[in-house]
Amino acid sequence: MEASVVDNNTVETTEAPQDNTKWYVLRVVSGKERKVKEYLDKDIIRSGWQEVIKQIFLPMEKVYKVQNGKKVMREKNYFPGYVMMEVLDGKLNDDMVQHISNISNVMHFLTDGKGSKGNIISLRKSEVNKMLGKVDEMNDQGVTMSEPFIIGETIKIIEGPFNDFNGVIEEVNDEKKKLKVTVKIFGRSTPVELNYMQVEKLS
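Number 29 in the working numbering belongs to position 29 of the sequence shown; there are no gaps in the numbering.
Be a bit skeptical, because a hint or two may be false.
[Stated by the list, open to error] Subject to a maximum C-alpha distance of 25 Å in a straight line, what follows is the list of computed DSS-like cross-link-like pairs (lysine-lysine):
(1) Lys177 <-> Lys76
(2) Lys32 <-> Lys42
(3) Lys201 <-> Lys177
(4) Lys201 <-> Lys76
(5) Lys76 <-> Lys42
(6) Lys114 <-> Lys42
(7) Lys91 <-> Lys76
Please keep in mind that the hints were generated in silico from the structure rather than gathered at the bench.
Make the full structure from the sequences, and use the hints.
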């Protein structure tokens, strides 16, 4: 079972987009997104571009994977292979584009052509608001299952008084992140309510 949590202490945050900025997208080597962001954050200061490039944004989610009854936390990029960049409108020049495109693990800017061919394009405001809104939604929702629970599915309880019992899902409340599960105790079916983090899917 995998569940993702983006809480108020998540390492990646973003400021609200400004009216006089545009958002560009960098295509990067998958798995190297954080390294590219960290390098760009330092490189922007070294190059004196911090007044032009307002922020490098990499939305992250905390993923809890249950392995052998234990919760293992890792951080996962919500948009694998992409890094977002907010720049003052009209200030992204050819020197910046060439410099950033030559950084290790950066493939190219998002263009209106195939790959690096074509003109560099910025995201529409509606796309930016949707992207940032999705991050806010993850913050608000808390736990999100990568594989949804299904009524009738048999799961294993890994926490609480029914630890190590198997149960059958009778109801799924995705809004509250809770399940109603039937557990057999001494041959009698007993309904119990559990949250997503108290169970794991049977492989």
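Verification of the supplied hints:
1. Lys177 <-> Lys76: With Cα atoms ~20 Å apart, Lys177 and Lys76 stay inside 25 Å; holds.
2. Lys32 <-> Lys42: 16 Å, holds
3. Lys201 <-> Lys177: Between Lys201 and Lys177 the Cα gap is close to 15 Å, so the pair holds against 25 Å.
4. Lys201 <-> Lys76: The given pair, whose Cα atoms are some 20 Å apart, holds under the 25 Å limit.
5. Lys76 <-> Lys42: Status holds; Cα separation ~22 Å.
6. Lys114 <-> Lys42: 30 Å, violated
7. Lys91 <-> Lys76: 31 Å, violated
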